[in-house]
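Chain by chain, the residues:
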Amino acid sequence: MKNNSEITIIFNFITMKKASILMILGALLLTGLFVFPLWNIMLGAPQYPEPLGMNIYIDGIKGMNEFDIKNIDGLNHYIGMKTIPKPEDMWEFSVFPVVIGTMAAVGFIIGLLGFFGKVSYHWFLGWLIVMTILGILGMYDFNAWMTDYGTNLDPHAIMKMANPDGTPMSYKPPLLGHQKMLNFDAYSYPRLGGYLMGAGMFLTLIAYFVGKRSKKNN
Amino acid sequence: MKKYKIQLLSLLGMAMFLTSCGDNNGNKKSSGALNSNNAEKVYVAPGEHDEFYAFMSGGYSGNLTVYGLPSGRMFKEIPVFSQFPTTGYGYSEETKPMLNTSYGFVPADDSHHPDISQTNGELDGRWIFINGNNTPRIARIDLQTFETAEIIEVPNSAGNHSSSYITENTEYVVAGTRFSVPIPQRDMPIADYKGNFKGALSFISVDPEDGEMAIKFQLIMPGFNYDLSHPGRDKSHGWFFFTTYNTEESNSLLEVNASQNDKDFIAAVNWKKIEEYVNNGGGTKMPANYAHNVYDEHTHTATTTMNKEVLTVDPTKVPGAVYFLPTPKSPHGVDVDPTGNYIIGNGKLSADLTVHSFDKMLAAIEGKKFDGEAYGIPILKFEDVLAGQVKSGGLGPLHTEFDGKGNAYTTFFISSEVVKWKLGTWEVLDRKPTFYSVGHGMIPGGNSRKPFGKYFVSMNKITKDRYLPTGPELEHSAQLYDISGDKMELIYDFPTHGEPHYAAAIPAEMLAPKSKKIYRLDDNKHPDAVTTPDKARVVRKGNEVHIYMAMIRSHFTPDNIEGVKVGDKVYFHITNHEQDFDVPHGFMMIGQNTSGLLIMPGQTKTSVWEPKQPGVWPFYCTDFCSALHQEMQGYVRVSPASSDIELSWTLDGE
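Residue numbers (the working numbering), protein chains in the order written: chain A, 279 to 496; chain B, 7 to 660.
Certain hints may be false.
[As the list claims (entries may be wrong)] Partial list, computed: chain A residues near chain B (C-beta under 10 Å):
no., residue
1, Pro-327
2, Leu-330
3, Asn-349
4, Leu-353
5, Met-437
6, Ala-440
[To be verified] With a straight-line cut-off of 20 Å between C-alpha atoms, the simulated SDA-like cross-links for lysine to any residue are:
no., chain 1, residue 1, chain 2, residue 2
7, B, Lys-522, A, Met-342
8, B, Lys-523, A, Lys-438
9, A, Lys-438, B, Ser-560
10, B, Lys-522, A, Lys-438
11, B, Lys-522, A, Glu-328
12, B, Lys-523, A, Glu-328
Hint data in this document are derived by calculation from the structure and do not stem from the laboratory.
For every residue, glycine included, the Cβ atom is placed at its ideal position computed from N, Cα and C.
Produce the entire structure from the sequences given, and follow the hints as far as they go.
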């Protein structure tokens, strides 16, 4: 831990311009989601030493390997799960790109305006709050889809598994982390696009604090 | 007198067996610590992979087996020249053409000498070639699918034994005849063999892109037996060497009559010179009839083309193309060291090895120092081409491999041992017994400019007491020696399938990453494939019923078929819709007079069934594909020939 006075000195030299650059960078990092997956679910089992995996992009789901989705669907038919949705099957895959694109553009403009002194650092925080709310809504929606996907099963399923208490077993993958499901180990974690988005949002938070500090010192 | 000598040899051989036995028993008891060290050397822990792929010929199985080294575990038997009911090879409509020949459908053969394709004299791992000895054929096996991709018949040949060795850029795969025969074949007295029978040495070109083979020319040689061969490499690239025996040209009781000459020949063939001659319009086109069978990985189907002509070359018409190098006592293997300078003749009835020098051979040719000629082919003087002799102290040398560190390893059949000696000094460095009577030996890449001199595998002809007895018939035995040190060390012993006459091995990392996992369904060009389940259907064409069927875990589409009649010929064209690694499905139909099928993901195969009595007859998946494997089944209703029931088919009553 450096002593506080030193940190204060450093901050004193940082201007609103620098905070604005951070804001711009943070907003631009969101665009990584157009290239890299937001989330990833891996399914490993004794018969799958090379696990099956799916990458969740903002505009659709793709297999880690070419035939992973086909093979996941093939396995899921035993337990009566629906097939993995195609982009046209879910409104989310057309709406998410618009939301992310818009937020990145708005963040970029706010940063630009901040750079030229047209808006204050409060806008940075405002953007972050909106983004956080959208993120939470997105996660909620994602979780709701997985719950439906893992529990709304075909009544004619080949294998109807039950929990010890007699309730039907859910095959909902975990929102985050690891879960054992029958012979499968499911792992659910953010992927590069998701990490870039997180880093971007963190940068805008820093931008807010930096902006705030520069204001105070002025 | 001669007979007496042979008997003496076999007595000597027996004496060596007895000695070997004694050594072995001694070993077993005395060296526990050593053995545990050796155990570590061959132990490939569960889930770990071997260091090398070894491809062993199957001999009379007609196939090629794939092993791991050092573990000695067998991974696969690749069907090549023989029908293979395990997968339906040679039984399915798609693969039957692979076994077509000018003699008709030949369902078996005797596979001998595999050789892996090379670039610049080093293994490149694209294909492996192997010869069918009995009905002369050469096969090319694809090393991405590990399946036979092509078989070409060799006309004018009989006992295709001095095969299938490849030149150092895989320009040619070479196939020489063991038996000389009348060329062209005709009805004539066997007693007129001498001077009338001929030996054909075939140079089969290999397309550098797709590997497709074509006979470029056949060299029509005197009527000797051409036993084994090897390409020159590096400095001797452009030459090919063949051992001969029976230069006596006898035709009966060869074991005696072909063992009379003190020296037979190694034929040195300058194939570049003949290639040039042929490219300039030389040679004689001769009527012939031979099959060329090509398997297309995209249609999953083989086709046969009958070729009607072959280009022959009379060696006396191409000056400087062929010379004979006198070599003692019916040489078996002829092996060329990695530098290309030493040509080793393994005189199988001799105690010594004869090593010729390529440089000296060129000098002798240059100086025209000939010792007469045979059928117009100049014979070089033994002393002029001799580089040295290895006084091995063993008996019955057959074959020599190289470790790339200046050492050679020769197998001795009669004295049942492998002898390590030094190239250049001809000094014997080490010897170890084999169990028993080794034929060929193999070092990974030992047949190339760049051997991987870590292991030596001896492929033995006699097994006796090596493993638990299994009645009179035993698998052959192989031994693995660690040759990384000064002395060879016997570290493992494992049974091999059929009779491996030779083997070729390659580092695993050169093949494993490109080994195919599935066939792509979207690349399936089989005319009878159903690539989506909704295209499944049943069609009648006269008394043929074609069932276009899809299979995926864990059902057939369709699964119930009605409207088939007694006297119909029913074709099941089945496409495996899986696109997952290692999920084949099988198919068998009750009472079918042929093999079942094993169908890989994305592949289509066809099986024929001729129902003989009315009834409802089940078929099922024979590969335990999934937890619902036992449910993977269907029925065919067979009605009397006079019935007018229309064809219908269902899946789940739909």
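I'd like to know which numbered hints this structure contradicts. Please list them from smallest to largest.
As far as the earlier hints go, 6, 8, 10 are violated by this structure, in ascending order.
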